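Chemist: Hey, can you work out the whole structure from these sequences and the hints?
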Amino acid sequence: MASSKKLISREEWEKRLNNVKIRKEDMNKLVMNFLVTEGNVEAAKKFRMESGTHHIDLATITDRMAVKKAAQCGNVKDAIEKINDLNPEILDTNPQLFFQLQQQRLIELIRNGKVEAALEFAQEELAPRAEENQSFLEELERTISLVAFEDTSNCPVGELLDISQRLKTASEVNAAVLTSQSNEKDPKLPSLLKMLIWAQNKLDKKAAYPCINDLSNARLEDPTF
Amino acid sequence: MNSSNSNSNNGQSNSCKSSNFDNLNQDLGLHFLELARIGSSKTPVEMEEDEEEAPKELNTINSSGGFLVVAPDKLSVKYTSVSLHGHDVGVVQADKPAPMRRLLYYFEIYVKDAGAKGQIAIGFTNEGFKMRRQPGWEVNSCGYHGDDGLLYRGQGKGDAFGPTYTTGDTVGGGINYASQEFFFTKNGAIVGTVSKEKEMKGHLFPTIAVHSQNEEVHVNFGQKKFAFDVKEYEAQERLKQQMTIEKISLPPNISYGLVRSYLLHYGYEDTLNSFDLASKSTIPPICIAQENGFDEQDVVYALNQRKTIRQLIRNGEIDAAMNKLRDWYPQIVQDDKSAACFLLHCQKFIELIRVGALEEAVKHGRIELYKFFGSAEADDPFDDLVQKCVALLAYERPQESPVGYLLEESHRDVVADTVNAMILSTNPKMKDVHGCIQSYLERLLRQLTACCLERSANGGQGETFHLHRLLNSSREI
Numbered sequence: 001m002a003s004s005k006k007l008i009s010r011e012e013w014e015k016r017l018n019n020v021k022i023r024k025e026d027m028n029k030l031v032m033n034f035l036v037t038e039g040n041v042e043a044a045k046k047f048r049m050e051s052g053t054h055h056i057d058l059a060t061i062t063d064r065m066a067v068k069k070a071a072q073c074g075n076v077k078d079a080i081e082k083i084n085d086l087n088p089e090i091l092d093t094n095p096q097l098f099f100q101l102q103q104q105r106l107i108e109l110i111r112n113g114k115v116e117a118a119l120e121f122a123q124e125e126l127a128p129r130a131e132e133n134q135s136f137l138e139e140l141e142r143t144i145s146l147v148a149f150e151d152t153s154n155c156p157v158g159e160l161l162d163i164s165q166r167l168k169t170a171s172e173v174n175a176a177v178l179t180s181q182s183n184e185k186d187p188k189l190p191s192l193l194k195m196l197i198w199a200q201n202k203l204d205k206k207a208a209y210p211c212i213n214d215l216s217n218a219r220l221e222d223p224t225f
Numbered sequence: 001m002n003s004s005n006s007n008s009n010n011g012q013s014n015s016c017k018s019s020n021f022d023n024l025n026q027d028l029g030l031h032f033l034e035l036a037r038i039g040s041s042k043t044p045v046e047m048e049e050d051e052e053e054a055p056k057e058l059n060t061i062n063s064s065g066g067f068l069v070v071a072p073d074k075l076s077v078k079y080t081s082v083s084l085h086g087h088d089v090g091v092v093q094a095d096k097p098a099p100m101r102r103l104l105y106y107f108e109i110y111v112k113d114a115g116a117k118g119q120i121a122i123g124f125t126n127e128g129f130k131m132r133r134q135p136g137w138e139v140n141s142c143g144y145h146g147d148d149g150l151l152y153r154g155q156g157k158g159d160a161f162g163p164t165y166t167t168g169d170t171v172g173g174g175i176n177y178a179s180q181e182f183f184f185t186k187n188g189a190i191v192g193t194v195s196k197e198k199e200m201k202g203h204l205f206p207t208i209a210v211h212s213q214n215e216e217v218h219v220n221f222g223q224k225k226f227a228f229d230v231k232e233y234e235a236q237e238r239l240k241q242q243m244t245i246e247k248i249s250l251p252p253n254i255s256y257g258l259v260r261s262y263l264l265h266y267g268y269e270d271t272l273n274s275f276d277l278a279s280k281s282t283i284p285p286i287c288i289a290q291e292n293g294f295d296e297q298d299v300v301y302a303l304n305q306r307k308t309i310r311q312l313i314r315n316g317e318i319d320a321a322m323n324k325l326r327d328w329y330p331q332i333v334q335d336d337k338s339a340a341c342f343l344l345h346c347q348k349f350i351e352l353i354r355v356g357a358l359e360e361a362v363k364h365g366r367i368e369l370y371k372f373f374g375s376a377e378a379d380d381p382f383d384d385l386v387q388k389c390v391a392l393l394a395y396e397r398p399q400e401s402p403v404g405y406l407l408e409e410s411h412r413d414v415v416a417d418t419v420n421a422m423i424l425s426t427n428p429k430m431k432d433v434h435g436c437i438q439s440y441l442e443r444l445l446r447q448l449t450a451c452c453l454e455r456s457a458n459g460g461q462g463e464t465f466h467l468h469r470l471l472n473s474s475r476e477i
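If you're matching them up, the sequences are chains A and B in order. So in the UniProt record's numbering, the last one in the first sequence is 225, and the numbering has no gaps at all. So in the UniProt record's numbering, the last one in the second sequence is 477, and the numbering has no gaps at all.
Quick caveat, the hints were computed from the structure, so don't treat them as lab data. Everything numeric in this text was worked out from a predicted model, so none of it was measured. Careful: at least some of the hints might be erroneous.
A few chain A residues facing chain B, derived, Cβ under 10 Å [stated by the list, open to error]:
| no. | residue |
| --- | --- |
| 1 | R23 |
| 2 | D26 |
| 3 | K29 |
| 4 | V31 |
| 5 | A44 |
| 6 | Q200 |
| 7 | A207 |
| 8 | N217 |
Here chain B is said to cover these stretches of chain A; the calculated rule only asks that three of the stretch's residues, wherever they fall, bring their Cβ under 8 Å from a Cβ of chain B [said to hold, decoys possible]:
| no. | region |
| --- | --- |
| 9 | 34-41 |
| 10 | 188-195 |
| 11 | 210-216 |
The C-beta atom is built at its ideal place from N, Cα and C for all residues, glycine as well.
Modeler: Next comes the structure, spelled out in structure tokens:
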């Protein structure tokens, strides 16, 4: 163990913690940002009433959440319609996302056993796009291969049928809509938590000081050598 | 999770020892009085940190005087003598060391004349550097030399590094605190980077050197536009760092849990109910189970009452709030001189001024606030606040006065938070004062700030963290 580590006592560290100046309004903003980016409209509205924290038009969130919900439930056609109602440019400027949505639609058709419809859809909608793009082509081939298996739970591309695939798509749709509404697409709070872990790891190399190992209860552990 | 509607404990059946409670009362109250003071400064709170000074010009006092001449503007240097050996280098440092509390530092030189041999150098040296030697030839220094394009790091033999440079070239030197490296540029392009060795601790001075007849070098500490796009470089490095941070994995649903406990802590009951409802219907549903370590019992305590009183205070209905407190938590309003009572009385005063009832305000002040005036202690927070409140009377338009901040919603919030903390403190299960004042989220934010501060203050390990700045800039973290 390197003995050149600086030791900061608990007392000293707690003094420093108390000296940090954090405004209540800023913490409220962080929480509001979380509620909004996660799409929790009702909670955001209530929070505005109870805390007085403002945020830009909460109505836009409802629209975005409808899109996300549709995607999460696998109603891709519905999701696409809703996105285009909101802003047709989103999918125009995002061919990757559009392809992903179409791919999801194909997956849903296969999942529901509508093999003929699936193949027709693939030929009409996906193949033309895949011709222009190598990675689209690969994805298309992967997805189509699902029809070759009776028992999809064991096939190499079975993960496409997993709900996590839907959720991934839904999350990317959410992000694209958020970005187009010129909001930041990710809540800030998780990044701050990661930053805390990172800063503590870095500081560990130079100093022994009380650190927080369990984020969920923010308990300070005594410094150890 | 569904206990938010049950208010089984209304405080009157508590058996807290009164002296313990009073001490607690005192600590909590004083904490919030201090918070009320923060609200008075319009400048972002982080301005209280020392502003780090940056180099602006060359240091003429400690340069190797006999061999060179520094121009009157202190931004250029010329080697005047004829060099004979390795100990008559003309070295100049900047007037200040490179600032450390940032992602990187950078400066440039322009070679006006490479003179007889082009033995120019740019680099960094420490405070006690031997000013007749090239930067890099001694320990705790580094230098990129123009005549051979080598990088010298504390010994007479240099390492292959980059191209040579001569008359007409613009060469830059920088410190990247994020990656702990030195980096150098030539004519707007990066030449290379090298690790900032462990010996190079402490303050580092931007340094330039000239060593043969008629060499002349101009220096730029940022007063003019740099040839190298250092802002872009900084952005890229910051992005690299952010990407490293983003890769860190978090325990599942930790953010949900922390937001939830924040809402519980401050008594935002309606928000909490909506939040819980939505969590159940997401796909997949989010469960924040007890196993995650949330001590719910501590914070669900008196949720509905705390919410009720908060709403009353936020609406300026101080009398109603105090009545409720008398019913539910008489011990909080028992001691008329406690910080909680004081804040409430001040708030009542402020509310009367807000509606223009000045006579009533004065009457109220005479009954309740007079006792806080003229304390013997210097810098007494009670005295401070009461004076500021009374000052409101002097202005025709108090909201535009220097004490106008007292009329803002944020001040009502401080009072509401104080009362909230006091109620939480009546919970027999509440183990420590901290639990009443700071939510888990707040504690984590404080820890983050303190860690970054320690890293940046000691050895320039990076930027400090400022929540306020972060939330109010459009830049992504």
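Chemist: For each hint, tell me whether it holds in the structure or not.
Modeler: Taking the hints in turn, this is what the structure says about them:
1. R23: For A/R23, the interface hint holds, since the closest Cβ of chain B sits about 6 Å away, which is under 10 Å.
2. D26: With Cβ-Cβ at 5 Å, under 10 Å, it holds.
3. K29: With a closest approach of 5 Å, the A/K29 hint holds.
4. V31: At about 6 Å, which falls below the 10 Å cut-off, the nearest Cβ of chain B leaves the hint on A/V31 intact, so it holds.
5. A44: Result: holds, 8 Å to nearest chain B Cβ.
6. Q200: At about 6 Å, which falls below the 10 Å cut-off, the nearest Cβ of chain B leaves the hint on A/Q200 intact, so it holds.
7. A207: 7 Å, holds
8. N217: 5 Å, holds
9. 34-41: holds (count 3)
10. 188-195: holds (count 8)
11. 210-216: Three-residue rule met by the region 210-216 of chain A, so holds; n is 5.
Comparing the model with each earlier hint shows no violations; every hint is respected.
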